[in-house]
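According to my numbering, the sequence shown is numbered sequentially starting from 4.
To be clear, the hints were calculated from the coordinates, so they are not data collected in a lab.
Heads up, some of the hints might be wrong.
Have a look at the derived ranges for each label pair, beta carbon to beta carbon [what the hints assert, rightly or not]:
1. R96 - A134: 32 to 42 Å
2. P246 - W226: 18 to 28 Å
3. S103 - G230: 27 to 37 Å
4. T280 - R213: 17 to 27 Å
5. H124 - D332: 13 to 23 Å
6. A403 - G230: 37 to 47 Å
7. G265 - R48: 27 to 37 Å
Glycine is no exception: its CB is placed at the ideal position from the N, C-alpha and C atoms.
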Amino acid sequence: MEALLGPDEIDLAPWSSRHTFPSPGDVDRELARIAEAHPACRRERLGPSRGGRPVTMLTVPGGPRHVLVVAGPHPNEPAGNLTIVALARLLTRTSRWTGSIGCTWHLVGCIDPDGAALNEHWTSRPLDLDAYHRHFYRPPMARQPEWTFPAPGWDRPLPETTILHQLLTTLRPEVYIDLHNADFGGAFFVMNRPHPALSTALRDTAARHRIPLSHEGIDTAGWAKDGPAVHLMPPAHEMVITPPGKDRPSHGASSLHHLPDGAIAVMPEVPLWPARTLPTPYTGGPDGSGYADLMRRAAATLSERAELLKACLDRVLPHLPRDTAVFTDAVTDTLRAATGCATLWDSMAGGPVTRGQYAASDDGAISFPLRAAGMLLRALTAEPVAARPAPLEAEHAAVAEAFGGWINDLQATTPAPYPLEAVVGLQTTTALRAAAIGP
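Could you put the whole structure together from the sequences, leaning on the hints where they help?
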């Protein structure tokens with residue numbers, strides 16, 4: 004069955020008109036309302052988060068095949084919260100995607116509500132680049148439900164990870180959709196294994212929602228593909244590596260490494276903003292040497308900005324309140340990832356580089372420092388101005404100045420955000436087509 008939606012079939016009210024996203028609490032209340040209006044559905048509390056917030060799920064019955072959809076694996080990626088609402092409304096309005104294809108759906112509103120709460124200052128406002136980065140939060144990988152699944156050398160799953168692991172074990176879904184969104188550019192997808200029919204359908208889905216494909220990603224460099232813009236998750240032993248000098252990995256495995264046998268999983272990565280205007284036009288030859296030079300420059304820019312922020316962080320840590328560690332630990336992890344990317348891009352620039360690869364590196368050279376600077380500013384402003392030691396005031400001024408220059412450059416090169424109907428429509432249709440096609 005073809006799983007195609009028209010714009011009028013996706014109900015995003017009231018968030019679409021405001022260009023905002025529902026909080027985990029908003030999603031939970033909407034799922035409760037739907038369960039009350041549709042007695043065949045079941046809403047259940049799966050457990051508390053680390054901070055005591057509820058993690059809930061709505062089950063929409065329809066047949067023996069189970070589909071599990073999870074929102075919020077990264078708390079700075081709120082599009083999935085709205086997609087869960089859209090899916091719940093759609094699945095309870097028609098049997099086209101339940102009984103007609105024999106699927107029972109399980110919709111988890113937000114798997115990391117604690118992290119999402121630290122992003123609500125920007126997710127509850129119309130999309131804005133300055134607010135996004137100034138109030139940004141993304142935890143270290145060791146505190147992400149998506150990346151703390153059991154793996155060799157790693158046995159520290161979070162409560163939220165345990166909840167999701169138990170769902171995968173008990174429900175044994177045939178189809179698993181892990182809802183992600185990116186910042187800029189085009190859409191791409193991550194799957195657990197090749198599935199040519201589904202991969203083709205995913206590319207077609209992006210075209211139908213008028214979101215271009217991104218053939219390269221910051222996070223997927225070097226990964227195998229199942230055709231253009233569809234990446235395959237590497238095995239756990241390639242992703243979970245113990246750093247030199249450490250006695251354990253810095254994070255665990257992904258949910259895609261713990262699926263039931265035969266299941267198919269899709270991570271749709273859907274951007275909030277279109278591709279930026281690249282600041283430097285390509286003038287190189289057909290061998291790609293021009294892009295290689297530009298990638299090398301992006302790596303150098305990223306290294307320079309990461310070193311600036313790392314030096315500032317080292318200076319301010321002794322003066323910061325203890326409770327700011329939620330931000331400073333995340334800054335450290337972001338800068339570690341940035342340094343790794345800069346090293347990778349510099350090595351890739353030794354050979355031919357495509358426009359997509361360069362664009363990904365250029366995005367990273369902008370976004371990594373802004374994310375880290377935004378979280379560092381949140382730590383530096385945790386106390387009122389009058390209570391801050393003089394060293395913190397000086398460092399705050401320096402970071403704020405750097406942030407201001409970087410965000411001005413970003414705003415000057417970034418178009419208006421995509422309509423939420425397109426972003427959520429692509430995630431929703433991805434789930435429907437995966438369920439209809441099956442494993």
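Which constraints among the numbered hints does this structure fail? Numbers only, ascending. none
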